[in-house]
Amino acid sequence: MNILVVTGSPRKNGNTEIMASAFAKSAREAGHEVTVKELSTLKVEPCLACTYCFTHDGVCIQNDDMNSILTDLSQADMLVLASPVYWFDVSAQTKCFIDRMYAFAKKGFHIKSIAMLLNSASDGVYDAAKAQLNSICSYLKWENKGVITISGMVEKGSMLKSEGLKQVQDFAASL
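Residues 1 to 175 in the UniProt record's numbering are what the sequence shown spells out, letter by letter.
Calculated directly from the structure, the hints in this document are not laboratory data. There could be a bad hint or two in this list.
To be verified - Straight-line distance between alpha carbons at most 30 Å, and here's what the computed BS3-like set of lysine-lysine pairs gives:
hint : residue 1 : residue 2
1    : K106      : K12
2    : K166      : K130
3    : K145      : K161
4    : K107      : K37
5    : K95       : K112
6    : K43       : K95
7    : K25       : K106
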């Protein structure tokens, strides 16, 4: 399976990227092809809602890094969104990426399934992100592979000491 992992933390080498790296390593060991795109190192502007993409086979009019991500997205069987939850939902960077997937709204997606890897300082803050995932799955008819949530991420690197990291690895290995 070809898996695209998109990390949506603005913090380079933080808990979200640690979690996504552990997922990618385990998924590769299970025989999957994995591409990781870290939004912390890329420029992805908000969607302009101009619908240029509708008449240009999913190509966005904006000349930013989303165009290379869209190329990866067009080849992916599964999408994994990895995001911190700061204020009851995915990060602004993750949401911007989700909105820019609109470029394929008319063209359609090759993707068949999706999952989320979420982390936060507090527990019980994941409802909005889960609802968004369920809505994406319902609308696009993608299989929801699940959501892994890891709380207690109070400082950069907390993920390295988290028991939840094993859950991420086991999840990737089970795909």
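Outcome of the hint check:
no. : hint        : in the structure
1   : K106 - K12  : 33 Å, violated
2   : K166 - K130 : 21 Å, holds
3   : K145 - K161 : 25 Å, holds
4   : K107 - K37  : 22 Å, holds
5   : K95 - K112  : 20 Å, holds
6   : K43 - K95   : 14 Å, holds
7   : K25 - K106  : 33 Å, violated
In summary, the numbered hints that this structure violates are 1 and 7.
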